[in-house]
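Participant: Listed below are the residues making up each chain.
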Amino acid sequence: MFQNRAEALALALPAAVFAAIVFLAPVVILLAEGFRSADSWSLVAYVDFFTDPLNRTVFLRTFRLGLMVTAVSAVIGYAAAFAIVNLSPRNKGQMIGLVVLPLMISSVARTYAWIVILGRTGIVNQALQLIGLSDEPIRFLFTETAVFIGLLQLFLPLMILSLISALENMPKDAIPAARVLGANWFQVFWKVILPLTKEGLVIGGTLVFTGSLTAYITPAILGGSKVLMLETLLYQRVTVASDFVSASVIAFILIVMSFAANLLLKRLATARNKR
Amino acid sequence: MKKILLASSALLLVGANAASAQEKTLTISVYGFAQDAFKELVYTPFEAKCGCKLVVETGNSVERLAKMEANKASPVVDMAVVSMADALSASRAGLIEKIDNTKLTNFNKLYDIAKDPNGDGMSVGYTFYATSIVYRSDKMEVNSWADLLDEKNASHVAFPNVTTNQGPPALYMVGEAIGKNTPDLKEAIAAVGAKKDDIVTFYVKSSQLVQLMQQEEIWAAPIGRFSWEGFTKLGLPIKWAAPKEGQTGGMNVMVLTKGAKNQDLALEFMDFWLSTEIQTALAEKLVDSPANKDVKVAPEIAENLTYGEETVKSLKLIPSAVALDNREAWLSEWNAQVGQ
Chain A
1 MFQNRAEALA
11 LALPAAVFAA
21 IVFLAPVVIL
31 LAEGFRSADS
41 WSLVAYVDFF
51 TDPLNRTVFL
61 RTFRLGLMVT
71 AVSAVIGYAA
81 AFAIVNLSPR
91 NKGQMIGLVV
101 LPLMISSVAR
111 TYAWIVILGR
121 TGIVNQALQL
131 IGLSDEPIRF
141 LFTETAVFIG
151 LLQLFLPLMI
161 LSLISALENM
171 PKDAIPAARV
181 LGANWFQVFW
191 KVILPLTKEG
201 LVIGGTLVFT
211 GSLTAYITPA
221 ILGGSKVLML
231 ETLLYQRVTV
241 ASDFVSASVI
251 AFILIVMSFA
261 ANLLLKRLAT
271 ARNKR
Chain B
1 MKKILLASSA
11 LLLVGANAAS
21 AQEKTLTISV
31 YGFAQDAFKE
41 LVYTPFEAKC
51 GCKLVVETGN
61 SVERLAKMEA
71 NKASPVVDMA
81 VVSMADALSA
91 SRAGLIEKID
101 NTKLTNFNKL
111 YDIAKDPNGD
121 GMSVGYTFYA
131 TSIVYRSDKM
141 EVNSWADLLD
151 EKNASHVAFP
161 NVTTNQGPPA
171 LYMVGEAIGK
181 NTPDLKEAIA
191 AVGAKKDDIV
201 TFYVKSSQLV
211 QLMQQEEIWA
221 APIGRFSWEG
231 FTKLGLPIKW
241 AAPKEGQTGG
251 MNVMVLTKGA
261 KNQDLALEFM
271 DFWLSTEIQT
281 ALAEKLVDSP
291 ANKDVKVAPE
301 IAENLTYGEE
311 TVKSLKLIPS
321 AVALDNREAW
331 LSEWNAQVGQ
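Top line first, the protein sequences correspond to chains A and B.
Sequential numbering of the first sequence, starting at 1, is according to our numbering.
Sequential numbering of the second sequence, starting at 1, is according to our numbering.
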């Protein structure tokens, strides 16, 4: 497109400088804090962080919830995306609109709605009692279950949208061809659909996993301090203890986890490709 | 060349003079709460009175203290309002200076506990609040702070997180109730920790509680008096407890930045804020309970405030030094007993 590389670089320079000054530099300064100890570089802050049992619990919980939300949203997402791409164009547009709709509502409002829905007198408990599955209200609020449901609802649309675009790019006759050649539906999914849509899964998975790790409002409102996650712990360290070192450690862990998830998913995708 | 230099420096001087004649500025640092009301009742009238301009910085106390610390060498803020414990922390960090109370004409109108809350002459209280238990009187009875942890009640209680302003005072009163009150709050935290699976939530924002009360998610919660009004509008049988151990609470104070550029103006502003007129106006709008004992308000207003000599005298406040020296230990004890 460009005559020479210099031209392209010159065009990219302003944006790169801007990003370096207002984003990269502050992040590096912030993260460096976690590797300093008494004027020298060290990993003491990280060792301290992981020796505290509470921090380990919170780290594992964050990781576990992130994985569960990603896995469940992939399962529901495939089903939903598959149903949507097979609709007529008009219906498809409407359905995509419905999927996108929650993204237009503030996550604070959405999360507060869950407080009403999941409450002791909320619709879920009423329904459970009505059909006789439970005699008295079950406590959902301020549990891991509530955080899981909140995060799933928050990020599922991202997974569905990524998978819809992946499924649309898949050759239309791939599935009939596989069926004609005798594949059952499980084989069709595993050997045809999954390999052909893995890009979408990687993008969706990364968005959902990273989103779940770094969400603040949902764990803060639906989990509260009984279900601390890394984000809510970070906030606590800064506002209560003015402990910027631990905060920097947590921030670094979150960044590493996000990158690792992305790399891992990409690796899985290419590994399947080679076979 | 010389002429130009002379002319430009003359111009500069004129410019500087014009600016100072035109505007004295006072920079204040306050909580980001009820700013519309403060602007109408305090800031604008003061600007009119002093012929100066107020620059208002807002934020939570951690942010604002961090900023003051960062600008220690050349302070930006002239005066700040913080909690009692934060005032002591700022004083230990050498960020603030003694308040010359002879320059505060309203000083003698203050309740005694507001005159010098930390006993170091570095701060003056301008408002306080009681902390007690709001509860559903048809569901339970609260006569003691220990009733919150009672077998029947604990699963309907929201307790303040130790990280909130209400957390340590509430724990302090629980300790009082179980007869094991030490500055480290160890026994109180253990008592709450023993019920952590029953207790509905350890709340961080009191604004959430009204909804939880309305949904019958909770029947009781320790709150500051400033959150009380919302509960009275629910149309439910709700009461403010008078536990036998008493009520606790907190106080907010004014401090003067060390090396501030406009100290006299800052003192003038403090005096204005503490005046009977302004304190009455703030009380009537339910913004802040008065620290000035000359303030008289109607009973229906007083109902929503922490008001009157008796109430003020009965408040059991945690001494700032205790709060400051134990904050970190409380948090790690809490995280170990309750947080997991």
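Be a bit skeptical, because a hint or two may be false.
To be verified - Computed Cβ-Cβ distance ranges for the label pairs, DEER-style:
no., chain 1, residue 1, chain 2, residue 2, range
1, A, 98, B, 49, 56 to 62 Å
2, A, 21, B, 62, 23 to 29 Å
3, A, 194, B, 63, 24 to 30 Å
4, A, 92, B, 63, 46 to 52 Å
5, A, 18, B, 259, 55 to 61 Å
Unchecked claim - Rough simulated footprint, nothing fancy, chain A against chain B, three-plus residues with beta-carbon under 8 Å:
no., segment
6, 60-67
7, 200-212
8, 328-337
Hints in this document: simulated from the structure, not taken from any laboratory.
A virtual CB, placed ideally from N, CA and C, is assigned to each residue, including glycine.
Participant: Hint by hint, which ones does this structure get wrong, listed from lowest number up?
Facilitator: 3 and 5
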